[in-house]
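Colleague: Using the sequences and the hints, build the whole thing.
Protein sequence lines correspond, in order, to chains D and G.
Start counting the first sequence at 1; every next residue gets the next number (my numbering).
Start counting the second sequence at 1001; every next residue gets the next number (my numbering).
None of these hints come from the bench; they were simulated from the model.
Treat the hints with care, since some could be wrong.
Just so you have them, the derived chain D footprint on chain G, three or more residues with Cβ under 8 angstroms [as the list claims (entries may be wrong)]: (1) 1182-1195; (2) 1241-1250; (3) 1256-1267; (4) 1330-1339; (5) 1451-1465.
One side of the interface only, derived from the structure: several residues of chain D facing chain G at Cβ under 7 angstroms [said to hold, decoys possible]: (6) 178; (7) 264; (8) 322; (9) 327; (10) 333.
Beta carbons are placed, not taken as given, at the ideal position from N, Cα and C, and that holds for glycine.
Number of protein chains: 2
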Amino acid sequence: MVEACGAAPQGLDAFFAPRGIAVVGASAEPGGPGHQIVAQLQQTHYAGGVYPVNPRATEVRGLPCYPTVLQVPGSVDLAVVVVPAPACLVVAAQLASRRQQRGDAAAAVVVSGGFAETGPAGRDLQDQLARTLRAAGIRLVGPNCLGVADAHTGLTTSFDLGPYPAGGASLLSQSGAFVMSFLQWARPLEMVGLCKLASVGNMADVSLTELLAYLAEDRCTRVVGIYLEGVQDARGFVQTAARVARRKPVVVLKPGRTEAGGRAAQSHTGTVASPDAIYDGAFRQAGVVRARTVSEFYGVVRAFERLPLPRGGRVAVLSAVGGPGTVCVDEVASEPRLQLARFSPRTSQQLRAVLSELATVGQPDGYVDMTGALVARTHGDALRVLLEDDGVDAVILLTPPPAFLDEQEVAQSVLEAYREQPPDRAKPVLVVLTFGDAAMAARKTLEKGGLCTFEFPEEAVRVLARMVEYAQARHRFQR
Amino acid sequence: MVEACGAAPQGLDAFFAPRGIAVVGASAEPGGPGHQIVAQLQQTHYAGGVYPVNPRATEVRGLPCYPTVLQVPGSVDLAVVVVPAPACLVVAAQLASRRQQRGDAAAAVVVSGGFAETGPAGRDLQDQLARTLRAAGIRLVGPNCLGVADAHTGLTTSFDLGPYPAGGASLLSQSGAFVMSFLQWARPLEMVGLCKLASVGNMADVSLTELLAYLAEDRCTRVVGIYLEGVQDARGFVQTAARVARRKPVVVLKPGRTEAGGRAAQSHTGTVASPDAIYDGAFRQAGVVRARTVSEFYGVVRAFERLPLPRGGRVAVLSAVGGPGTVCVDEVASEPRLQLARFSPRTSQQLRAVLSELATVGQPDGYVDMTGALVARTHGDALRVLLEDDGVDAVILLTPPPAFLDEQEVAQSVLEAYREQPPDRAKPVLVVLTFGDAAMAARKTLEKGGLCTFEFPEEAVRVLARMVEYAQARHRFQR
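Modeller: Next comes the structure, spelled out in structure tokens:
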């Protein structure tokens, strides 16, 4: 919990563990972003002080409102600024005064747009803003961003995130829409637990690199996902990413593989993109996982958040649906990082014992078609056998939402087998339920139980391949 | 509507337009597949006769039940058989008698498994079954399948399809799970309209090739989607597919690209897969679209079902979300079949007139970042300008479920601009809403209005690339 009193937080902690937050530009009427940010902080039960600031209001959502940050009585470590761009300079000067007088106000998130992304005049404004704050010793995230959040404490400077399942995935993004998209997408099935979030916007001061280094030390962050368009100091970013990747997975989605994509990135955040090949080779060497598509980024981040790392690329495919199972085998065999597992004679024998006579085992090796002749418990029984085989590093399980089986019983059976694994030798299990919303309830149970579910076999295969890629890089570092 | 009396249907029409259906093996108690099939036919308001057959029941779901097919009084063109494999031979003999005595009973769907897919003994059983029916002039779909359906008439021999939105997509599949998965996946947002469906199972008689030729003549089929594992006569299949592709799109998902995938396919349906390269080259020459993944198959089939064909590969990307828009530009530029459009000076000028000053137009050419500074109507206004530019063949539109805009107003604005197009020169519009269920309502409105929506930019880009591939093949044929 964040305390409203106590010592001032140091460095970037002022963004992520402030004693109090001033929301500068919070209107009394619903609708505006400032009002919304106050509402969000109330909904997420943020425990620190929340201080609306607006000379034209005396109260916002039941909280006293102050004419400027200078009048806020409590400790304000972080100011969120949503006033129009030119007025931000006035606010910056007030923050500087406050910092000089009170010693707090160490951090500002400027949400407002209208700066470098709009052209030369905006860039001048941004430079002035950054100068004023820097001279006062105030760090700046933004402008033109959604700012920061921490799902564990309810901290948020975004106007539409809402309470979010807390977990181990921290996200850094040069696109507010991108990161919100991921979180909204994952929300209904609670497919990812969020730790810290920073939408960095124009990066006039605090950079992706600095935030990434900060997250390396953050104990609740298990994986860092980054949407990257371009940074000034590409070399420094990659070096930091390499350092972090030795401790926890770093997943990057970086458009700009093509010249056109590079130009779009440039017009979006005003950052100069370095040639893509520089990043690509450096990431590979650094053990940074580069997701190739949006869907792969979502999948890889959430897999690292909750699944154990595979020890190698030997995959067993366990299917109750012949067609999708066949597609899955094809995809596994096409991925250079993966191979179908070779079942031990004991495994084949045990599988035959728990499966129907109609089932086919090991055609090809590593593949089990349970067929539709099964009960809910069969899923867990077969999975248990596979997880106990030392020649299997990971299992992809495909099952329909069974027309004749209880969906929740199937999910429970799978979860039990997964959880019986000894924690130090646990293997990842990726569950594919290709039936869209018809499989919603089973997917939710599995996700809540700590497994990762997917709609398409190809998705699960690609995610697993990226996990193996990272595991292999880790082995390399440890030698 | 199907009439319970009138002339006997000819050829495969006995499967798709029977005057009456006998469900052999329908139990009085809910739960079994036969009972379920009767329930489905009632739920879908199938207008033909429905005759449960079971010596141990007198009534099933309010319908009189007959001891064998020989006692059914009305015309029975199609028998659906769900009794255990050995008993199927008895039913086959009864069907043969009936056909001789009454002249109907021209078609049978054998749903039951336990035939060639289980080994030599099952194969013998299957051969006997096929021989008996063939000798009597009865065509057979299956065994080991879900059989046939027609969403326009409510015909179904499946036990878990339910009433389905009717439309122009016909599906042929060597995996029941695969085709059910697609239909269930698409159902909540009504992302595809179904015409005819055949899950062919072991293909002891009626083959994929014959069904495909039948669908070529079917006026309500606008696109044929096929899940193919392997056929005996690969050459004949490809030749037929090539003929059909000249008239309507044929989309194939065929695993077996790898040796392991080929073996999995073989163990699944017992079909011998021809070397994959034969198919691959032949499909390309034939103008048959080969989907590379499950998700691509789903997307391409539904795009062909409802969108006009693009004339070429010149794409405009219209985005309200900078990050996903940038990813989309990258994906378009990476697809050999697609190019970013070159805006005419008039288009650029008109775009600037309808967009905010913050928007960027043509950086790179073909790309518009509307930014968040927009109202609902802006979407339609900008789309209209792009659709009127002769240098634009298709538009990919990316928008968030807007925090400050009315989702339905955005959808309506897009739909209006799309529908104003002259029908003979209409261009496809693919809408990307990356926010998962948060965008459900807008997606539903757009899909109902005849547009295709996607969760990920890469999905839309790949689907469009396959559409262009087909359009180019059509041009080639017409020269």
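Colleague: Are any of the numbered hints broken by this structure? If so, which, sorted upward?
Modeller: Hint 2 contradicted; others consistent.
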